[in-house]
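2 protein chains.
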Amino acid sequence: MTPKGFQFSTVEAAIKKPGRKDLALIWSDVPAIASAVFTTNAVKAAPVLLSQERMRGGRCQALVVNSGNANACTGAKGMADARETSRILALELGIEEQLLQVSSTGVIGVPLPMDRLTAALPALAAGRGDATLDDLAAAIMTTDTFPKTAVRNGPGYIIAGTSKGAGMIMPNMATMLAYIMTDAAVDPGFLNSCFRAAVDRSFNAITIDGDTSTNDTCLMMANGVAGNPVITGGTPEAEEFVRLLEGVLLDLAKLIVKDGEGATKFVEIRITGAADDADAKRAALAVANSSLVKTAFFGQDANWGRIFAAVGYSGARVNPDLLSLWFDEVQMAKNGLFAGGDAEARGTEALRRKEFAVTVEMGLGTGCATVFTCDLSHEYVSINADYRT
Amino acid sequence: MTPKGFQFSTVEAAIKKPGRKDLALIWSDVPAIASAVFTTNAVKAAPVLLSQERMRGGRCQALVVNSGNANACTGAKGMADARETSRILALELGIEEQLLQVSSTGVIGVPLPMDRLTAALPALAAGRGDATLDDLAAAIMTTDTFPKTAVRNGPGYIIAGTSKGAGMIMPNMATMLAYIMTDAAVDPGFLNSCFRAAVDRSFNAITIDGDTSTNDTCLMMANGVAGNPVITGGTPEAEEFVRLLEGVLLDLAKLIVKDGEGATKFVEIRITGAADDADAKRAALAVANSSLVKTAFFGQDANWGRIFAAVGYSGARVNPDLLSLWFDEVQMAKNGLFAGGDAEARGTEALRRKEFAVTVEMGLGTGCATVFTCDLSHEYVSINADYRT
Numbered sequence: 011m012t013p014k015g016f017q018f019s020t021v022e023a024a025i026k027k028p029g030r031k032d033l034a035l036i037w038s039d040v041p042a043i044a045s046a047v048f049t050t051n052a053v054k055a056a057p058v059l060l061s062q063e064r065m066r067g068g069r070c071q072a073l074v075v076n077s078g079n080a081n082a083c084t085g086a087k088g089m090a091d092a093r094e095t096s097r098i099l100a101l102e103l104g105i106e107e108q109l110l111q112v113s114s115t116g117v118i119g120v121p122l123p124m125d126r127l128t129a130a131l132p133a134l135a136a137g138r139g140d141a142t143l144d145d146l147a148a149a150i151m152t153t154d155t156f157p158k159t160a161v162r163n164g165p166g167y168i169i170a171g172t173s174k175g176a177g178m179i180m181p182n183m184a185t186m187l188a189y190i191m192t193d194a195a196v197d198p199g200f201l202n203s204c205f206r207a208a209v210d211r212s213f214n215a216i217t218i219d220g221d222t223s224t225n226d227t228c229l230m231m232a233n234g235v236a237g238n239p240v241i242t243g244g245t246p247e248a249e250e251f252v253r254l255l256e257g258v259l260l261d262l263a264k265l266i267v268k269d270g271e272g273a274t275k276f277v278e279i280r281i282t283g284a285a286d287d288a289d290a291k292r293a294a295l296a297v298a299n300s301s302l303v304k305t306a307f308f309g310q311d312a313n314w315g316r317i318f319a320a321v322g323y324s325g326a327r328v329n330p331d332l333l334s335l336w337f338d339e340v341q342m343a344k345n346g347l348f349a350g351g352d353a354e355a356r357g358t359e360a361l362r363r364k365e366f367a368v369t370v371e372m373g374l375g376t377g378c379a380t381v382f383t384c385d386l387s388h389e390y391v392s393i394n395a396d397y398r399t
Numbered sequence: 011m012t013p014k015g016f017q018f019s020t021v022e023a024a025i026k027k028p029g030r031k032d033l034a035l036i037w038s039d040v041p042a043i044a045s046a047v048f049t050t051n052a053v054k055a056a057p058v059l060l061s062q063e064r065m066r067g068g069r070c071q072a073l074v075v076n077s078g079n080a081n082a083c084t085g086a087k088g089m090a091d092a093r094e095t096s097r098i099l100a101l102e103l104g105i106e107e108q109l110l111q112v113s114s115t116g117v118i119g120v121p122l123p124m125d126r127l128t129a130a131l132p133a134l135a136a137g138r139g140d141a142t143l144d145d146l147a148a149a150i151m152t153t154d155t156f157p158k159t160a161v162r163n164g165p166g167y168i169i170a171g172t173s174k175g176a177g178m179i180m181p182n183m184a185t186m187l188a189y190i191m192t193d194a195a196v197d198p199g200f201l202n203s204c205f206r207a208a209v210d211r212s213f214n215a216i217t218i219d220g221d222t223s224t225n226d227t228c229l230m231m232a233n234g235v236a237g238n239p240v241i242t243g244g245t246p247e248a249e250e251f252v253r254l255l256e257g258v259l260l261d262l263a264k265l266i267v268k269d270g271e272g273a274t275k276f277v278e279i280r281i282t283g284a285a286d287d288a289d290a291k292r293a294a295l296a297v298a299n300s301s302l303v304k305t306a307f308f309g310q311d312a313n314w315g316r317i318f319a320a321v322g323y324s325g326a327r328v329n330p331d332l333l334s335l336w337f338d339e340v341q342m343a344k345n346g347l348f349a350g351g352d353a354e355a356r357g358t359e360a361l362r363r364k365e366f367a368v369t370v371e372m373g374l375g376t377g378c379a380t381v382f383t384c385d386l387s388h389e390y391v392s393i394n395a396d397y398r399t
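Each protein sequence line maps, in turn, to chains E and A.
Per this note's numbering, the first sequence starts with residue 11, numbered consecutively.
Per this note's numbering, the second sequence starts with residue 11, numbered consecutively.
Hint data in this document are derived by calculation from the structure and do not stem from the laboratory.
In this text the structure is predicted, and so the values were computed from the model without any measurement.
Note that beta-carbon positions come from the ideal geometry of N, C-alpha and C, so glycine has one too.
Hints are not guaranteed to be accurate.
[Stated by the list, open to error] Keeping only pairs whose Cα atoms sit at most 30 Å apart, straight-line, the calculated DSSO-like set for lysine-lysine is: (1) Lys364(E) to Lys264(E); (2) Lys27(E) to Lys268(A); (3) Lys87(E) to Lys344(A); (4) Lys344(E) to Lys26(A); (5) Lys27(A) to Lys344(E).
[To be verified] If the Cβ cut is set under 8 Å, some of the chain E residues that face chain A in the computed set are: (6) Thr84; (7) Gly119; (8) Ala236; (9) Gly237; (10) Asn238; (11) Leu302; (12) Ala306; (13) Tyr323; (14) Leu332; (15) Gly346; (16) Leu347; (17) Phe348; (18) Ala349.
With the hints as extra help, turn the sequences into a complete structure.
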C-alpha cells in the first residue's frame, strides 16, 4: 500500500556489506510540499546541512539515501560529495536540484566511496517503481535487525512511512532516519505544524542510549495526487489527518525502540503529577537514560530505588516523600516508601514481561510525559564495541 | 600512616554478606573542624539529611558508616533509624550527638536491620584503635573490588583518606563516600574553601555511568593534633597544604574510576580550546558519559567520530571544522577531518593500553577541562543486572 504518485528504487552500491542494498530513492511524480526536522547536534553531517538549506523552499520531489556511511565529520569534501551526488541524480531524474533531498547513515568520519556511489545513480534513477516500501525500509537499515514501516488509510488518501534506528537514539531527533509520504492534498502551513507536533510526541519521546546522532532526519512529503479537497487546519478532516499521521509516526518510533541495539525489553516510562510537563519530560528522560535503571530492566530486577534516584537527579522539582511507583499494575512504592506485601514478587513478575510500563506519580501537579525506551544488555555492548569491524 | 589523634574501628553487623565487615567508625580524640560536600540528588538518603543538618556546626569528632544498605527511600522510619543509631553510638562514645556524622551505602529502599546494627554499636565504640586505614577502606566497600586509600606527608602533619565507588558515579558528587583526615591545625574558613575547590577538581571530575547517587558524601576532618602553627589562607604553608590535599583527593577519585564497575580501561578526557571552562566541562562529560564512546573504548575501536558526535550534542559551543582529536600522542583528526596516514592503526594501538588520554582541541578559546572515566563493558551490565540478588 503505497500512497499514489510515489515510487521507490533500491540498488547495491557496495557501501555496506556485499549482497545488501544500500542506496535508495523516494520519488514523487509531482513536486510535493514537504516539512522536515533535523538533528540538533552541532556536528551535522554534510547531507543534513545540504538538506536543511534546500528544505527552506518547503518543496521536495525526490530523496536519495545511502546506508553504511554517514558522510559526517568529512568536512569540505563531504559537502562536495553530497552536492555531486545530488547534481548527477537530479540530471538523471530531470528535476531541479533544489527539489532533491540527500540523506546518509552509517559510519562517521570516512569519506563516501564516490566512484561506486555515482556509478550506481543511473540504475537508481531508472529503477523507479521497481521497489516496494518494504524494499526501501530494508535498504536504509544499518544495525537494524528488521525493516520498519507503518501505514494508515485515510478517507481517499494514504499515509505511509519508514524509519531506521538503532543506536545513537535520543531526542532531538530521536530517530536516525524517517520518511513519511502521503498522497493527500494538505495545506503547507498546516502540514508543517502538525508534522512537527507529531514528531515531538513520537520520535522525540524515544531514547535508547542517550546519544544524539549527527545525521538524524525526519522528512514528510505530501504530493496531493489523491485528489482530495485540500486539508486545512481547524477542520474535522484536519483532526482525522493528525490522528492518522500520529499513528504512523508513533508506530515507526516504537519500532525503533523495539529494535534498539541489543534490546530485550520495550519499556514505557510514564511520569504523572510533575510540577509541569517540562519537569515530567526531564524526569522521564533521566529514568529512560539511566544505565543503572536499564541494566536492572535487563536483569528483571525490581530495583525501584534506582528509578527514584534518577528522578531525583533529573533536575525536575521533586518531593521524595510524595513519589509513588508502579511496574504495570503492581504498586512498588507509595509516598517515597516500599509498598510492602508481595510487591517485590509481583513487581519482578511484571518485569519478566517483554513489554511493560513504569509509572511514577510525583504528587506535585498536573505535568505528565511518556517516553519509550529499552533495556541495556550484553548485546548492546557487543554491537557497539565492534561496530566498525 | 594515620594522622595523629585518629582511630578506627570496624565490625561485622551482618548487613552485607557473612564474613565481611560492614560497620566502621572514624574517631578523633578531640573535636575536629570539618567540611563536607553531599549529593545534589533531590532524593537524599536519611543519613545525608541528618549529616547535612549537623555539618552546619562545622565540627565533627566521629563518623559511623555502614555498607550494604543505603537507608535511602526509607522515609520517616529511615530518619528515625539514622537518629537512633546516632543516639546510641554517641552515648557509647560519650560525645554530643551534634559531633557525630552518619553515612550509609548499599541497596536503596530497604529499611536498615536496626536490631543487628544497634547490637553491634557497643563493640564498634569499644574497638577504637583496633582497625587500620586499610581496614576502614575495606569495611566501606560495596561492589568495589579493592580498598582505596591515599596518604600525603606534610611538614609535621599527615593527610590521609579513603573512598569507595563504584557505580552511580557522576558529579556532583562523583564519589559515593570519601573521608579525609588530617592532624594539621587549619583555619576553618580556609579548610572549607580549599576542600570544596579540591573536590571540584577531583571527585567532581570523574564519571562512570552518569548516575548521581542518593548517598554521596565527601567529608574532611582536621583535628589539629599535629600541633603545627594554624595554616591560614594566602601563605606558602597554605599552598603546600592545598597541593597535598589535592593529591590525596585526586588519588582517591582516580582509584574509584579504576575500580569502576566492570571497567577495563582508565581514560582521561581532556578538552582544550573551548569557548570557556564551563563549555569544556560540558563537552568532557558528554564524551565521558556516552554509551557509544564507552563501548568503543571497551572494544578498542578508534571510533573518533562518536567522540565528535558527543561533543556536538554536549551543549558546548562547537565549530565542527575546528575540532581536532588525539588518542594519547596519536592525532586521529585535524580540523574536523580524519588525520589520514597510519592514524587508524596507531590510534587502535593506543586504545589497547590499559590507560590512555583522549584530547579534543576545540579551536575556539582557552577553556579547558579534564574528566576521568572508564569504559562500558559486559561486566558492567552483569554487575548491575543482578546487583540485589
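**Asked** Is the hint on Leu302(E) kept, meaning its closest Cβ partner in chain A is under 8 Å away?
**Response** holds (5 Å)
**Prompt:** For the pair supplied as a hint, Lys87(E) and Lys344(A), is the alpha-carbon distance within the 30 Å limit?
**Reply:** holds (14 Å)
**Asked** Regarding the pair Lys27(A) and Lys344(E), is the alpha-carbon distance no greater than 30 Å?
**Response** Judged against 30 Å, a Cα distance of about 29 Å means the pair holds.
**Prompt:** Going by Cβ atoms only, is Leu347(E) closer than 8 Å to chain A?
**Reply:** holds (5 Å)
**Message:** Does Thr84(E) hold up as a contact with chain A if the rule is Cβ-Cβ below 8 Å?
**Reply:** Check passed: Cβ of Thr84(E) comes within 7 Å of chain A, closer than 8 Å.
**Request:** Assess, step by step, whether the Cα of Lys27(E) is no farther than 30 Å from the Cα of Lys268(A), and give holds or violated.
**Result:** With Cα atoms ~38 Å apart, Lys27(E) and Lys268(A) exceed 30 Å; violated.
**Message:** Min Cβ distance, Gly346(E) to chain A: is it shorter than 8 Å?
**Reply:** Check passed: Cβ of Gly346(E) comes within 5 Å of chain A, closer than 8 Å.
**Prompt:** Was the hint right that Leu332(E) lines chain A, CB cutoff 8 Å?
**Reply:** violated (11 Å)
**Request:** Verify the interface restraint on Ala236(E): the C-beta must sit less than 8 Å from at least one C-beta of chain A.
**Result:** violated (39 Å)
**Asked** Hey, Lys344(E) versus Lys26(A), does the alpha-carbon distance stay inside 30 Å?
**Response** holds (26 Å)
**Request:** Let me know if the C-beta of Phe348(E) comes in closer than 8 Å to any C-beta of chain A, holds or violated.
**Result:** holds (5 Å)
**Asked** At a threshold of 8 Å, is the proposed contact between Ala349(E) and chain A supported by beta-carbon distances?
**Response** Violated - the Cβ of Ala349(E) stays beyond 8 Å from chain A, reaching only about 10 Å at its closest.
Checked against the numbered hints given earlier, this structure breaks hints 2, 8, 9, 10, 14, 18; the rest are met.
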